[in-house]
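Residue strings, one per chain:
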Amino acid sequence: MSHRWGMVVDLDRCTGCEACVAACRAENNIPTVGEEQAARGRAIHWMRVERYWEGEFPDVRVKFLPVFCQQCDAAPCEPVCPTYASHHTSDGLNAQVYNRCIGTRYCANACPYNVRFFNFFNPAWDKPLHLQLNPDVSVREVGVMEKCTFCVQRINAAEIQAKAAKREVRDGDITPACAQACPATALMFGDLDDPDSRVSQLARSRRAERLLDDLGTQPKVIYLQRESE
Amino acid sequence: MFQTSWRFYLIVVVLGSVVLTGLGAWAYQLNRGIGVAGIRWPVFWGFYITNFVFWIGISHAGTLISAILRISNATWRRPITRCAEAITVFALMIGAMFPIVHLGRPWLAFWLFPYPNERGLWPNFRSPLLWDFFAINTYLIGSTLFLALPLIPDLALVRDRSRGWRRKIYGTLALGWRGTPRQWHRLETAMHIMAIVIIPVAVSVHTIVSFDFSMTMVPMWHSTIFGPYFVAGAIFSGIAALIVAMAILRRVLHLEDYLRPLHFENLGKLLLMMSLLWTYFVFAERLTIWYGNEPSEMAVFWATQRGTYAPLFWTMVICNFVVPFPLLAIKRLRTIAGTVVASTTIIIGMWLERFLIIVPSLANKYLPYSWGTYRPTWVEITITAATFAAMALLYVLFAKAVPIVSIWELKAGERMAAPGIAAKPARAMTPSDVGADLQVRPGPA
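Order-wise, the sequence lines are chains A and B. The opening residue of the first sequence carries number 1 in the numbering used here; numbering runs sequentially from there. The opening residue of the second sequence carries number 1 in the numbering used here; numbering runs sequentially from there.
If you're looking for bench data, these hints aren't it; they were derived computationally from the structure. In this text the structure is predicted, and so the values were computed from the model without any measurement. By construction, the Cβ of each residue, glycine as well, lies at the ideal position given by its N, Cα and C atoms. Check each hint, because a few of them may be wrong.
Residues of chain B placed beyond 10 Å of chain A at every Cβ, according to the derived structure [claimed, not checked]: (1) 20; (2) 27; (3) 111; (4) 188; (5) 318; (6) 335; (7) 372.
A short, non-exhaustive set of chain A residues, derived as facing chain B with CB atoms under 8 Å [as the list claims (entries may be wrong)]: (8) 53; (9) 88; (10) 98; (11) 102; (12) 144.
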């Protein structure tokens, strides 16, 4: 049975603590590029928390906006890739096949969310992070593009386990690293095709919006706009 | 052609060492990773793609000028067609290199070729980069043929006038040319076909290069105007490059009798028209965006108009319009010196134009949190400088190896123009006819 994996980000709950950012790095073997390279715009962060200020001083408040690959149904990154490194899986995920990538970086330019990151050098980790690489996630060599995968390794693991137990994947079986780490449960993951799943129910909320929705990319990440004062 | 002075060797050594430095910089980049260049998140394309678009643009000098003038039978074209066609081939070779230089894993560039492979994958025909691949290769083959065909009678002439190993090489290149009426007929037919075919090919190439940008929905890239805008800019910069190349050849090879003020005057008029056309395109593009006032596009618009990129933008306007316009519009100023000054600023301005199309849009894309800037490193600057040197070097070597002014076409033109001489059409000329009473001075003095 095919799924349509999606995420819900509740902006009312997000405190901007960036636990999701740290968890994502640890889970997905994201290299640390060092201070100097980070200052030159080479830092890789599949998950980032954008900060926007609203209102006029002194009545200012900060808005946190976690941004990661929106796993668009009509993804601008996919048609432009000459080697099918960026392509759509049957589960609706935007897969990035590292071994096919030749590094034209066209996908990253086409992406309106700027959520694609490039390996400008071979990966390296600050000690002792090199000792905690996740064996379920491949490391990426110099010259290839990478981005949030919705923790595809966890999705696959859950599907294999469900198959072994001769049952369907249940809502809540899969939790990406960012959602698992979120202390405020601002991030939720599930099947948008299952009308009873938690993400489907939240997606029907009147607070539900999608980022840069008017571009027609049909993202599978739903943002619940803030209502609290 | 057969005497070589120390100055020739000096030029070759100087240009060659710049080219070698550029190759060294590329080797360094291959070894360390593309990160030694200045590109970064979110500006993933910088100098390399600028150079790519710029050089492919320069390559439009030859074909369009030469083909259009050939088809319209403009007789003044005769001494300049070969200079122009040579620019096309060399600029295209240099431009086509950049998509490989800019790759993250250039050793896998051959994956763009549609060949049966162990991965069981075709390349993605939906990708504009693949359209580029086909367009540029078609153009490269076409323009090489377009350059090579009219070279044949001249190569035969050189063959007949040389000895030893030179005779062998030129003999091979001349493809057994004897100047029989049959051969002339075939050559003329082939040249006519190529002149017609190459025009749509040239237009399609820069249109497809513009599609690399306009097919995405990046602010100020996603534009219907980009195809013709890029083609106009390409012809614009191409004519400018041709004028500069002609002026240098005229000076160095003492071709004053062949490349006359008339040629600069006529090309100057063409350049003036392209300058106005380019300015019109920029105006039409900018005005509609400003009036539409769409927020994401306005971010890019203001960044170029009065923000980070404003100094570059206004320099571009000065280089492409403010300086060339009076120089080319006022008859008294449309001299060799005037057109060369205008052409030089246009080359600079058009390079800036390519840069300003690519970088500000990427740097100011939608979510303001992810905006960035771009600054090139020495690697990109060195490789860019090396390409200009490579262009000059290829041109110097070419002018050394073959007659840079088409001898037989000039001859045919003279014969047609002089009614006193028993009018002998080009097709009746043998290589010795072409060479008779030849006054062309030998090679670089």
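Status of the stated non-contact between residue 335 (chain B) and chain A (beta carbon gap over 10 Å):
holds, 44 Å
Does residue 102 (chain A) pass the interface check with chain B, least Cβ-Cβ distance below 8 Å?
Holds: closest Cβ of chain B sits about 4 Å from residue 102 (chain A), inside 8 Å.
Compute the least Cβ-Cβ separation between residue 372 (chain B) and chain A, then decide whether it is above 10 Å.
violated, 6 Å
Hint residue 53 (chain A) vs chain B: min CB-CB distance below 8 Å?
violated, 11 Å
Could you check that no beta carbon of chain A comes within 10 Å of the beta carbon of residue 188 (chain B)?
The assertion about residue 188 (chain B) holds, with a minimum of 40 Å to chain A.
Interface hint compliance - residue 98 (chain A) to chain B, C-beta minimum distance less than 8 Å
violated, 10 Å
Just want to verify: residue 20 (chain B) was marked as not at the interface with chain A; is every Cβ pair farther apart than 10 Å?
holds, 24 Å
Return the status of the interface hint for residue 88 (chain A): holds when the least beta-carbon distance to chain B is below 8 Å, violated otherwise.
Violated: closest Cβ of chain B sits about 12 Å from residue 88 (chain A), beyond 8 Å.
Any Cβ of chain A at or closer than 10 Å to residue 111 (chain B), or is the non-interface label fine?
Not fine: 5 Å to the nearest Cβ puts residue 111 (chain B) too close to chain A.
Assertion that residue 318 (chain B) lies outside the chain A interface [Cβ separation over 10 Å]:
holds, 29 Å
Given residue 144 (chain A) was flagged as interface, is its beta-carbon under 8 Å from a beta-carbon of chain B?
Hint on residue 144 (chain A): holds, closest Cβ of chain B at ~6 Å, below 8 Å.
Does the no-contact call for residue 27 (chain B) survive, Cβ to all of chain A over 10 Å?
holds, 15 Å
The structure is inconsistent with the numbered hints 3, 7, 8, 9 and 10, although it conforms to all the rest.
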